[in-house]
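Participant: In case you want the letters, here they are:
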Amino acid sequence: MKLKQQLESVLFVCSKFLKKSKLKEILNCKEEELKAALAELSKEYETRESGLALMQDGDRVQMITSPQCSEIVRQYIKDERTGELTRPSLETLAIISYRGPITKADIEMIRGVNCSLILRNLMIRGLVAERQDKKKGVPVYQVTFEFMQHLGLKELKELPDFEKLNRELKLGEVLLAQNKNKEDFFQDLEKVEEKKHE
Amino acid sequence: MKLKQQLESVLFVCSKFLKKSKLKEILNCKEEELKAALAELSKEYETRESGLALMQDGDRVQMITSPQCSEIVRQYIKDERTGELTRPSLETLAIISYRGPITKADIEMIRGVNCSLILRNLMIRGLVAERQDKKKGVPVYQVTFEFMQHLGLKELKELPDFEKLNRELKLGEVLLAQNKNKEDFFQDLEKVEEKKHE
Amino acid sequence: MAYQVKLEQYEGPFELLLNLIEQEKLKITEISLSKVTEQFIKHLSSVEELYPEELADFLVVATKLLLIKSRALLPYLQVDDDEPEGNLEEQLKIYREFHDAAIKMESKIKERNFTYGRVDSRYLAPEIIFTPPADFDQGDLRNYYQDVLDSLEPIIKLPSAAIAKSVTLKEKISHLQQTLASKLEMSFKDLINQAENKTEVIVTFLALLELVKQEFICVKQENNFEDIKIQKI
Numbered sequence: 001m002k003l004k005q006q007l008e009s010v011l012f013v014c015s016k017f018l019k020k021s022k023l024k025e026i027l028n029c030k031e032e033e034l035k036a037a038l039a040e041l042s043k044e045y046e047t048r049e050s051g052l053a054l055m056q057d058g059d060r061v062q063m064i065t066s067p068q069c070s071e072i073v074r075q076y077i078k079d080e081r082t083g084e085l086t087r088p089s090l091e092t093l094a095i096i097s098y099r100g101p102i103t104k105a106d107i108e109m110i111r112g113v114n115c116s117l118i119l120r121n122l123m124i125r126g127l128v129a130e131r132q133d134k135k136k137g138v139p140v141y142q143v144t145f146e147f148m149q150h151l152g153l154k155e156l157k158e159l160p161d162f163e164k165l166n167r168e169l170k171l172g173e174v175l176l177a178q179n180k181n182k183e184d185f186f187q188d189l190e191k192v193e194e195k196k197h198e
Numbered sequence: 199m200k201l202k203q204q205l206e207s208v209l210f211v212c213s214k215f216l217k218k219s220k221l222k223e224i225l226n227c228k229e230e231e232l233k234a235a236l237a238e239l240s241k242e243y244e245t246r247e248s249g250l251a252l253m254q255d256g257d258r259v260q261m262i263t264s265p266q267c268s269e270i271v272r273q274y275i276k277d278e279r280t281g282e283l284t285r286p287s288l289e290t291l292a293i294i295s296y297r298g299p300i301t302k303a304d305i306e307m308i309r310g311v312n313c314s315l316i317l318r319n320l321m322i323r324g325l326v327a328e329r330q331d332k333k334k335g336v337p338v339y340q341v342t343f344e345f346m347q348h349l350g351l352k353e354l355k356e357l358p359d360f361e362k363l364n365r366e367l368k369l370g371e372v373l374l375a376q377n378k379n380k381e382d383f384f385q386d387l388e389k390v391e392e393k394k395h396e
Numbered sequence: 397m398a399y400q401v402k403l404e405q406y407e408g409p410f411e412l413l414l415n416l417i418e419q420e421k422l423k424i425t426e427i428s429l430s431k432v433t434e435q436f437i438k439h440l441s442s443v444e445e446l447y448p449e450e451l452a453d454f455l456v457v458a459t460k461l462l463l464i465k466s467r468a469l470l471p472y473l474q475v476d477d478d479e480p481e482g483n484l485e486e487q488l489k490i491y492r493e494f495h496d497a498a499i500k501m502e503s504k505i506k507e508r509n510f511t512y513g514r515v516d517s518r519y520l521a522p523e524i525i526f527t528p529p530a531d532f533d534q535g536d537l538r539n540y541y542q543d544v545l546d547s548l549e550p551i552i553k554l555p556s557a558a559i560a561k562s563v564t565l566k567e568k569i570s571h572l573q574q575t576l577a578s579k580l581e582m583s584f585k586d587l588i589n590q591a592e593n594k595t596e597v598i599v600t601f602l603a604l605l606e607l608v609k610q611e612f613i614c615v616k617q618e619n620n621f622e623d624i625k626i627q628k629i
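Chains as they are written, first to last, in this note's numbering: chain W, 1 to 198; chain S, 199 to 396; chain C, 397 to 629.
Certain hints may be false.
Unchecked claim - Subject to a maximum C-alpha distance of 20 Å in a straight line, what follows is the list of computed EDC-like cross-link-like pairs (lysine to aspartate or glutamate):
no.: 1; chain 1: S; residue 1: K217; chain 2: W; residue 2: E40
no.: 2; chain 1: C; residue 1: K504; chain 2: S; residue 2: D359
no.: 3; chain 1: W; residue 1: K164; chain 2: C; residue 2: D546
no.: 4; chain 1: W; residue 1: K4; chain 2: S; residue 2: E361
no.: 5; chain 1: C; residue 1: K506; chain 2: S; residue 2: E238
no.: 6; chain 1: S; residue 1: K355; chain 2: S; residue 2: E269
no.: 7; chain 1: C; residue 1: K431; chain 2: C; residue 2: E420
no.: 8; chain 1: S; residue 1: K355; chain 2: C; residue 2: E411
no.: 9; chain 1: C; residue 1: K500; chain 2: S; residue 2: E361
no.: 10; chain 1: W; residue 1: K35; chain 2: S; residue 2: E247
no.: 11; chain 1: W; residue 1: K20; chain 2: W; residue 2: E49
no.: 12; chain 1: S; residue 1: K362; chain 2: C; residue 2: D586
no.: 13; chain 1: W; residue 1: K22; chain 2: W; residue 2: D59
no.: 14; chain 1: S; residue 1: K220; chain 2: S; residue 2: E231
no.: 15; chain 1: S; residue 1: K355; chain 2: C; residue 2: E420
no.: 16; chain 1: S; residue 1: K355; chain 2: S; residue 2: D277
no.: 17; chain 1: S; residue 1: K202; chain 2: W; residue 2: E44
no.: 18; chain 1: S; residue 1: K276; chain 2: W; residue 2: E25
no.: 19; chain 1: C; residue 1: K504; chain 2: S; residue 2: E231
no.: 20; chain 1: S; residue 1: K302; chain 2: C; residue 2: E418
no.: 21; chain 1: S; residue 1: K214; chain 2: W; residue 2: E25
no.: 22; chain 1: C; residue 1: K506; chain 2: S; residue 2: D277
no.: 23; chain 1: S; residue 1: K241; chain 2: W; residue 2: D59
no.: 24; chain 1: C; residue 1: K500; chain 2: S; residue 2: E231
no.: 25; chain 1: C; residue 1: K506; chain 2: S; residue 2: D359
Calculated from the structure, these hints are not laboratory results.
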């Protein structure tokens, strides 16, 4: 397989600057080989009018969108951030409001679907924050102070029917019944996600 | 500027999948134009031996690393997953991969067992997604890109014997008849129950 | 008890059935289905205590198998013929296709030709801009939460509903025991004729097998296709 191909896939996955010294190590190649592959890839992006480009700065390389596309990219990012929240997102927000601080696993047991993307979205919008729970040793999620303020709340306890809904028995039953079904594969996925973000 | 170029930059920036309907909106283009641009981009990745690829299924599309580059990326991000899945999970995923979007009733007909819990489990693990089918008025299930990434597929069509298993004409008829039988069975059981309690 | 250990390997009635047929090196036909019926029922009669929630699924298949078999063995048995048994044969063939596909899929996954998406750069350096949902108040939050709670109802009920359906076999057994306590002998034909529907026929049959296994009764048949006498031991 061509070095250029491998180089491209690694730069794509990485999303940030990579040092050339690190790249040589990952791709197990020589300085000149890397240089040639970078030049080849860079030229390809130009000649085939790609939406991608390579940004090189001294020892560092990064894959970015091509400058001609900046307008559409900016528009897309803005839309994504300010667009309406979907029903699953609002449901998740409600669960976190009434039951937070709560782990991702528990949210997923309650909703019955994977919530990685939704949580990320709620965090980017500043509605939910993540913190490490020392006892559980995993991240837990809770609504932000800003969101509480926005709703006119000083405490979450002031939410309608908080006492009753916070201690809803059904939740306990679901969490209990589902806990035994967790399997390794699922946990593996989480590990990879964590590693990618390190 | 070419549509293909803008398409590539947006797919790159959006780290997860995008719906084609959403893409049309962002790029302000027609269905056929988008289709042509996607085909052009996908072909470019193949012919120029790229480290990138497009993954497509139904209305969804995502930019991913090419399956040939799997090993180098896996080492780079230290992905230690073995892809271990239990038999019932695999069986259910196989049915949904070949026949999705498919209703729960149809999955159950093929497997001969109740699938509520396994589907819930697969959804929590992000391997299967549920959506409402407007025509049928019931939820239908399809595999996620996350699962397709485990298979190293760009499209589900690449699955072995896809044509055959996807187009099993008899299936519909058999399932219809089976469905009736199962309903009868449970009605019968209920009648027996009722009689007991009279 | 030997069967119980074995049953743990099977995910459902079709896998068990397929396995039985393949063990006998048979093709999937009506005749081979008929041949493995006893073995299937034997497995089934030991399964009740272990997996009550799955018994209903196995019973559906047992019903079909016994109907196929009964037509050959007991011509006097009148059951509504609205169930073409070719269905089971066809269904099992379809099941086998996906069963095989799952095995291929497993080896494909084990090659670990995984593909990867890009790491979300926003996650690396999240720039948080407070963007609350529009026109949203405490009451909306409460309603969304209530909807979530309501949607949990069927999930909690899942296992118990399946168990309720499988109680029938146990009840049938105790009913038979009571009936036999007052009579020393009864005929299978009479017993079957009392049955309301084919499901009850099957449940009765299964209950009899269970009682034979427990050595509570013995059964006798003088000649092929004749009625079966049930006696208390």
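Participant: For this structure, which hints from the list above don't hold up?
Facilitator: 1, 4, 5, 6, 8, 11, 12, 15, 16, 19, 20, 21, 23 and 24
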